[in-house]
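Peer 1: Sequence:
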Amino acid sequence: MCFIDYSKAFDSIDHNKLWKCLEEMETPLHLVQLIRSLYRTQEATVRTAYGDTDWFEIGKGTRQGCILSPAAFNIYAEKVMRNAGLEDCSIGVRIGGRNINNLRYADDTTLLAESGKDLEELVLLVKKESEKFGLYLNVKKTKTMSTAAATNISIKIDNEEIEVVEDFIFLGSKINRDGDCTPEI
1 MCFIDYSKAF DSIDHNKLWK CLEEMETPLH LVQLIRSLYR TQEATVRTAY GDTDWFEIGK
61 GTRQGCILSP AAFNIYAEKV MRNAGLEDCS IGVRIGGRNI NNLRYADDTT LLAESGKDLE
121 ELVLLVKKES EKFGLYLNVK KTKTMSTAAA TNISIKIDNE EIEVVEDFIF LGSKINRDGD
181 CTPEI
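If you read the sequence shown in UniProt numbering, its first letter stands for residue 1, the second for the next number, and so on.
By construction, these hints were calculated from the structure, which means they are not laboratory data. Where hints are given, some of them may not hold.
Cross-link-like lysine-lysine pairs, in silico, DSS-like; alpha carbons within 30 Å at most [unchecked claim]: (1) 127 <-> 117; (2) 128 <-> 141; (3) 174 <-> 17; (4) 132 <-> 156; (5) 79 <-> 141; (6) 117 <-> 156; (7) 117 <-> 20; (8) 60 <-> 8.
Listed next, with one range per pair, are the computed distances between beta-carbon atoms [stated by the list, open to error]: (9) 124 <-> 44: 25 to 31 Å; (10) 37 <-> 121: 39 to 45 Å; (11) 132 <-> 37: 39 to 45 Å; (12) 65 <-> 128: 45 to 51 Å; (13) 66 <-> 93: 33 to 39 Å; (14) 173 <-> 64: 21 to 27 Å; (15) 52 <-> 173: 42 to 48 Å; (16) 65 <-> 33: 19 to 25 Å; (17) 157 <-> 181: 23 to 29 Å; (18) 172 <-> 147: 18 to 24 Å.
Positions of the beta carbon are idealized from the N, C-alpha and C atoms, including for glycine.
Using the sequences provided together with the hints, build the complete structure.
Peer 2: Laid out in structure tokens, this is it:
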């Protein structure tokens, strides 16, 4: 499995792409308009040693602390995964008769595959499509872990190897190679 970390995930959401995602996912127009109205008047200025800059419109990022921000990121990430072809991809693990290759909650994304080679293919698919949406994998914080004792995973992104770990904290639970997640954080 690969635990994806996006650099500045919530700050990277392009508003125009988000509106398009909402429309393509057949979100009712009144809801799209409601969400757009929250972002329409977002402006900022930067205070420097030389004074404040002119005010400018903010076209990226979700509102910090807003309860809609994780949902907005989920919608954005859903579009990335669909465009990457993960819905129809045969790579993944069989659970309850279904092929599962990604698990997501807000900006926490985990990719699942039966082999290191398949996992690398998934990671590269997601990386390529994510970048089209302005989302970039943070290789230093992205981690891989195998639940099979003999499996060695070696995945490189931009010539930098993703660290293989023995355990990982996912959504507040520490999981390890054996699949044990009893030690709560």
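Peer 1: Decide, hint by hint, whether the structure agrees.
Peer 2: Going down the list of hints, with the structure as the test:
| no. | hint | verdict |
| --- | --- | --- |
| 1 | 127 <-> 117 | 15 Å, holds |
| 2 | 128 <-> 141 | 18 Å, holds |
| 3 | 174 <-> 17 | 34 Å, violated |
| 4 | 132 <-> 156 | 19 Å, holds |
| 5 | 79 <-> 141 | 23 Å, holds |
| 6 | 117 <-> 156 | 11 Å, holds |
| 7 | 117 <-> 20 | 33 Å, violated |
| 8 | 60 <-> 8 | 11 Å, holds |
| 9 | 124 <-> 44: 25 to 31 Å | 35 Å, violated |
| 10 | 37 <-> 121: 39 to 45 Å | 41 Å, holds |
| 11 | 132 <-> 37: 39 to 45 Å | 27 Å, violated |
| 12 | 65 <-> 128: 45 to 51 Å | 32 Å, violated |
| 13 | 66 <-> 93: 33 to 39 Å | 34 Å, holds |
| 14 | 173 <-> 64: 21 to 27 Å | 25 Å, holds |
| 15 | 52 <-> 173: 42 to 48 Å | 44 Å, holds |
| 16 | 65 <-> 33: 19 to 25 Å | 22 Å, holds |
| 17 | 157 <-> 181: 23 to 29 Å | 26 Å, holds |
| 18 | 172 <-> 147: 18 to 24 Å | 20 Å, holds |
Consistency with the previously given hints fails for numbers 3, 7, 9, 11, 12, ordered from lowest to highest.
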